[in-house]
Amino acid sequence: MSSTRTSRTCSSSSAPTRTPASGSRSDCSATTPTNGKTASPRRRKTRASRAQMRRRRRFSVSALAAVLLTAAAAAGQPSDADPESHRALLQRYCVGCHNERLLTGGLALDTVDVGNVGGSADIWEKVAQKLRTRTMPPAGRPRPDAAAYDALADHLENALDAAWTANPNPGRPAVQRLNRAEYVNAIRDLLALEVDGRALLPADESGYGFDNIGDVLSVSPVLLERYILAAARISRWALGDPTLPPATALYKTSPLMLQDGRVSDNLPFGSRGGHAARHHFPLDADYILRVRLGPGRRGTHTLEIRLD
Numbered sequence: 001m002s003s004t005r006t007s008r009t010c011s012s013s014s015a016p017t018r019t020p021a022s023g024s025r026s027d028c029s030a031t032t033p034t035n036g037k038t039a040s041p042r043r044r045k046t047r048a049s050r051a052q053m054r055r056r057r058r059f060s061v062s063a064l065a066a067v068l069l070t071a072a073a074a075a076g077q078p079s080d081a082d083p084e085s086h087r088a089l090l091q092r093y094c095v096g097c098h099n100e101r102l103l104t105g106g107l108a109l110d111t112v113d114v115g116n117v118g119g120s121a122d123i124w125e126k127v128a129q130k131l132r133t134r135t136m137p138p139a140g141r142p143r144p145d146a147a148a149y150d151a152l153a154d155h156l157e158n159a160l161d162a163a164w165t166a167n168p169n170p171g172r173p174a175v176q177r178l179n180r181a182e183y184v185n186a187i188r189d190l191l192a193l194e195v196d197g198r199a200l201l202p203a204d205e206s207g208y209g210f211d212n213i214g215d216v217l218s219v220s221p222v223l224l225e226r227y228i229l230a231a232a233r234i235s236r237w238a239l240g241d242p243t244l245p246p247a248t249a250l251y252k253t254s255p256l257m258l259q260d261g262r263v264s265d266n267l268p269f270g271s272r273g274g275h276a277a278r279h280h281f282p283l284d285a286d287y288i289l290r291v292r293l294g295p296g297r298r299g300t301h302t303l304e305i306r307l308d
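The sequence shown begins at 1 in our numbering and counts up by one.
In case anyone wonders, no lab produced these hints; they're calculated from the structure. Everything numeric in this text was worked out from a predicted model, so none of it was measured. Backbone N, C-alpha and C define an ideal beta-carbon position, used for all residues, glycine too.
In the EDC-like style, the derived pairs of lysine to aspartate or glutamate whose C-alpha atoms are separated by at most 20 angstroms in a straight line are: (1) 130 with 157; (2) 126 with 113; (3) 252 with 196; (4) 126 with 157; (5) 130 with 145; (6) 126 with 150; (7) 252 with 304; (8) 252 with 265.
Taking CB as the label site, the calculated pair distances span: (9) 232 with 265: 30 to 40 angstroms; (10) 251 with 223: 22 to 32 angstroms; (11) 84 with 227: 55 to 65 angstroms.
Work the whole structure out from these sequences, hints included.
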């Protein structure tokens, strides 16, 4: 029966180690003999090297798989850099009918360049739509496969997007004019004049429930003439014209209007009956006010005329 004994050996080439239990530093390494033989530190180092090599091998395999997948994905995407294949496809399936001589559908593809899609964007936009919906070539005629359909459609759409991004064209903006209410407000803010817009300008057209949309507010010759007449009248009111002839303004009250209470917000509180009107006095002058009262009022009444 053999006894097993633990020995401690010291070597100048051995690095100092730290035991996990006590955390104390030792300059010698302890070895435990197995079956009478001593385990070598070189064997432990070999095992660590093998494990590190296996990890490196796994990482290399993963990186290679990622590269292969990326290359496969790139190969599956249509290439926009080779327009010759697109020209050949158009020449084979489309130009036979859509050429300058036949002009089938009013479309000629032999006079436009698929390498310069932005130069004929309106034509290629129609072609891309027909390709996506698979309506051209028509049924019963030779057709390309699905991959060729998608490759050409992708090329046209990408080229159209790039051309639009390089030269955006949102279109011509509509001329925005003031509607009648805005015109009256502008005159009041600029000239301190209260004008009757309904007497000066016709009603505005409305669209989508609004009457201030630029695309709806058109300017017809008749409306332009009304604007000129309104501007001439308003300018005389604002500047004054001593040569204006005397004029008469008549303001009527409906006979059906009750005169038992306050009839207008422009009249003071506590008033009863009467009439309120807004009038523009173009010049500093003497004005004559005449009031005509109707029958049916008995007793004594007090008549007040207020100018504000």
